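K.L.:
Could you put together the complete structure from these sequences and hints?
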Amino acid sequence: MRVNHFTIALAGNANVGKSVIFNQLTGLHQHIGNWPGKTVEKAEGTLHFKGYTIEIVDLPGIYSLSTYSIEELVSREYIATQKPDVVINVLDASLLERNLFFTLQLLELETPLIVVLNQIDLAKKKGIVIDYEKAEKILGVPVVSTVAVSGKGIYEMIERAIEVIEKKRKIEPLKPQYGKEIEERIEKLVKLINKFNLNYPARWAAIKLLDEDREVEKEFLKLNPKIIAVTKELRTELENIHGHSCPTVVTSERYQVASRISKEIQKITDPLKTPMREKLHTITTNKVFGYPIMFATILAVFVGIFSFGDFSSTLLGDFFFSLRPTFDSIFGIGLIGELLWGGIIEGIIGGITVALPYILPFYFMLYLFEDSGYLSRIAFLMDNLMHKMGLHGKAFIPVMLSFGCNVPGCLGCRIMETTRERLLTAFVVTLVPCAATSVVILGLVGAFVGIEWALALYIINLIIIFTLGRIAFKALPGEPTELIMEMSDYRAPHLKTVTKQTWFRLKEFIIMAFPLIIAGSFVIKIAEIANLLEPISSIFSPITVAWLGLPAVTGIALIFGVLRKELTLIMLATLLGTTNFALVLTPAQMVVFTLVVMLYIPCIATVGALVKEFGWKKALTITTFEIVFALIVGGIIIRLLTIFPI
Amino acid sequence: MKLPLTSLNNGETGTITSTDVNSNRDPMCRHQRRKDRKQEFTTERCIKRLTDLGLTPGTEITVIQAAPFNGPLEITVRGSRLAIGRGMANKIFVDVKR
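If you read the sequences in order, they're chains F and R.
If you count the first sequence from 1, position 189 lands on 189 in our numbering, and the numbers rise without skipping.
Throughout, our numbering is defined as the position within the second sequence, counted from one, plus 1000.
Source of the hints: derived by calculation from the structure; they are not laboratory data.
Computed from a predicted structure; not experimentally measured.
Cβ atoms here follow ideal geometry from the backbone N, Cα and C, with glycine treated the same way.
A hint or two may mislead.
Here chain R is said to cover these stretches of chain F; the calculated rule only asks that three of the stretch's residues, wherever they fall, bring their Cβ under 8 Å from a Cβ of chain R [as the list claims (entries may be wrong)]:
1. 248-255
2. 371-384
Straight-line alpha carbon distances no greater than 30 Å define the calculated DSSO-like cross-link-like pairs of lysine-lysine that follow [said to hold, decoys possible]:
3. F:263 with R:1002
4. F:287 with R:1002
5. R:1097 with F:126
6. F:273 with F:175
7. F:126 with F:167
8. F:287 with R:1097
9. F:279 with R:1097
10. F:267 with R:1097
11. F:126 with F:273
12. R:1097 with F:273
13. F:134 with F:222
14. F:263 with R:1097
Interface residues of chain F toward chain R, partial, derived using beta-carbon atoms under 7 Å [said to hold, decoys possible]:
15. 63
16. 66
17. 68
18. 95
19. 98
20. 244
21. 287
22. 476
23. 479
24. 482
25. 485
26. 486
27. 487
P.N.:
Here's what the structure looks like:
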């Protein structure tokens, strides 16, 4: 450790305002990435404070240090092996009991600790008064109160953290005690474990062994299998005494400690009237009003984003394309100029005109909903519907995102708990018609065949999603995880945090999607210049012409659609030499073409997102399946439409 | 009276008696358990999650409401508000005074 150079980790439950504190501390000096080898977000930042340089690591919001989720594993591994100089444990002051349960586990890990009671303003409103001195005395570590959103108490928090690091004051952290039966057995195990050189305290390992922790178990199985045999005996003894499984007994007793402490340090008086946020909760989850409110909200967001997106996207596009003459005057109209403009610049323009007008507001609204607490209410209401395809309520969020763009949808699958569910959700997500697909649906079928046919296509799509989702759910091994989710109180979203999250997500999108879109346009441009597009489309003609009954040029349009789906429409207009598609395509052809565009391939950026989250093999499987599936469905529909013409 | 959480009326409070797979009296569940080790593991994990969130035996739990169309339950436990899928809620047994 360099002098005056520290690492501080922020740990705590979800929804306690941890990321707000993180933002208050680090400002713009942040780096958001992934934990090595994991699809768990890692937020790091630097704070310069009174001549100290402090690295801040924001650990994921979790309720326990067990092995329920990847987030929990990542957090405890970090604390145990990386050994931050101090852990700042952020608590929701109005939910002391459950938050202290987590604090007790940090104390068991014997990591240097300070406890921060956040949102004390809200706690006060709820009628909760906390005795901080008493809390400090009982827990044996510094206790600070904060209101993170206004920055109150943050300064003191860092000062106290540095005090702990520099050991300016003697602290004696509490060692949580269990009941006699458990303590005896912990002692026995500690004696066995003590001789090994471990990354973490022997007492913690002993507790975790009784807690049936699979990771710790695995480790000891390698070190000395005898310990596991002893552990199993001890567990059976405890189970016989208490009549519950051993992990339940351990958790239960830890909660008893948390409950006792919280009773000692807080006084609760009921608030006089039902607060606004409670009324809001009741009405937004109400069985009569809940759904209409939800649909109206989502619809408003979509209409807002699409009309804003359409307007600003055209504006941006027009602006960039007006630069063409300037560009030509610099690079000339030769081959290189053509390649640079058509291959690279147009790729960038394409990316920008999607990212800024659509993705940006989408992410912003998403985080606004999440931060305010509405997202969990939506998941609550949609749980049953999502169960129809083997998912649970939380999956509705990535699906909803996908109507804007499949890429954030795929990345959003991380909120699901298990790999199986992430994959299943991602599969469903890639079938959802995104904004670009909607452009094709509305611009071709909606405009030239009739709006009722456009609507029919959406309905067909939904049916397909549900059917395929259900089949995939049955086909993939494993049991569905049920919804277990906190619905924290509604609160005013913290704009700075929301903006920052939006920015980092946008950056992630740009870094991932742009190179793919640009490389893709470059390859296609070369094929175009080398006059390869015609031969390629004639190779595809058995499929496009014979099977799907479409003109041969649609093959080229579909190739371009791999980049971005709305390009299929633009290319079609270019290739057919008209924007009045009614002159060159029959209504049935338009319907089938659009249907294929809807289903045939997740665009190149989405494939990139799939690769990033699930690896090449799964990404290719999904892509191949969807191409084949789209062609089969398209072929069947055109034949049906020949029998029953439009 | 010992009942699964799903049988409680809106606003009713009970004391949790068990959340364990082992003490679960539902024969269907035991049958499934024998069928698939992995399934047992999933249920076990969910129960761990529930106890970590404070649903330990002896704790008071209140059902606020159920989402429409057989949706999840909204409950409060130890002052926090949770949504729990119906399948899971069926495995939580509570003692109610009626």
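K.L.:
Would you mind marking each hint as holding or not holding in the structure?
P.N.:
Quick rundown of the hints versus the structure:
Counting residues of the region 248-255 of chain F whose C-beta lies closer than 8 Å to any C-beta of chain R gives 4; at least three are required, and the coverage claim holds. Requiring three or more residues with a Cβ within less than 8 Å of a Cβ of chain R, the coverage given for the region 371-384 of chain F holds, as 6 such residues are present. Taken as a hint, the residue 263 of chain F and residue 1002 of chain R pair is honoured in the structure, with Cα atoms around 28 Å apart against an allowance of 30 Å. Our distance criterion of 30 Å between C-alpha atoms is met by residue 287 of chain F and residue 1002 of chain R, whose separation comes to about 28 Å.
Pair hint residue 1097 of chain R plus residue 126 of chain F holds up; C-alpha atoms about 29 Å apart against a cutoff of 30 Å. For the suggested pair residue 273 of chain F and residue 175 of chain F, the alpha carbons sit about 40 Å apart, so the restraint of at most 30 Å is broken. Simply put, residue 126 of chain F and residue 167 of chain F have alpha-carbon atoms about 36 Å apart, too far for the 30 Å limit, and the pair is violated. Of the pairs offered as hints, the one joining residue 287 of chain F and residue 1097 of chain R holds, with about 27 Å between alpha carbons and a cut-off of 30 Å not exceeded.
About 29 Å separates the Cα atoms of residue 279 of chain F and residue 1097 of chain R, which keeps this hinted pair within 30 Å; it holds. Distance check on the hinted pair: residue 267 of chain F and residue 1097 of chain R sit about 28 Å apart at the alpha-carbon level, within 30 Å; holds. Only pairs whose Cα atoms come within 30 Å are accepted, and residue 126 of chain F paired with residue 273 of chain F is accepted, the gap being roughly 10 Å. Distance hint between residue 1097 of chain R and residue 273 of chain F is fulfilled; the C-alpha atoms sit about 28 Å from each other, no more than 30 Å.
For a cut-off of 30 Å, the pair hint linking residue 134 of chain F to residue 222 of chain F is broken: about 44 Å separates their Cα positions. Proposed proximity of residue 263 of chain F and residue 1097 of chain R is supported: the alpha carbons are some 25 Å apart, at most 30 Å. Among the interface hints, the one on residue 63 of chain F holds; its C-beta lies about 5 Å from the nearest C-beta in chain R, closer than the 7 Å criterion. A hinted interface residue such as residue 66 of chain F counts as satisfied when its beta carbon comes closer than 7 Å to some beta carbon of chain R; here the least separation is about 6 Å, so the hint holds.
Given hint, residue 68 of chain F at the interface with chain R, holds; its Cβ is 5 Å from that chain's nearest Cβ, closer than 7 Å. With its C-beta approaching chain R no nearer than about 5 Å, residue 95 of chain F sits inside the 7 Å limit, and its interface hint holds. Checking residue 98 of chain F against chain R: minimum C-beta separation of about 5 Å stays under 7 Å; hint holds. The interface hint given for residue 244 of chain F holds, since its Cβ lies 6 Å from the closest Cβ of chain R, which is under the 7 Å cut-off.
Interface hint at residue 287 of chain F: satisfied, since its Cβ lies 4 Å from the closest Cβ of chain R, which is below the 7 Å cut-off. For residue 476 of chain F, the interface hint is violated, the least distance from its beta-carbon to any beta-carbon of chain R being 12 Å, above 7 Å. The interface hint given for residue 479 of chain F is met, as the beta carbon of that residue sits about 4 Å from the closest beta carbon of chain R, less than 7 Å. The beta carbon of residue 482 of chain F is positioned within 7 Å of a beta carbon in chain R (closest approach about 3 Å), and the interface hint is therefore held.
Against a cut-off of 7 Å between C-beta atoms, the interface hint on residue 485 of chain F holds, since the closest Cβ of chain R lies about 5 Å away. Given the 7 Å rule on beta carbons, the hint for residue 486 of chain F holds: about 6 Å separates it from the nearest Cβ of chain R. Interface restraint check for residue 487 of chain F: the shortest CB-CB distance to chain R comes to about 5 Å, inside 7 Å, so the restraint holds.
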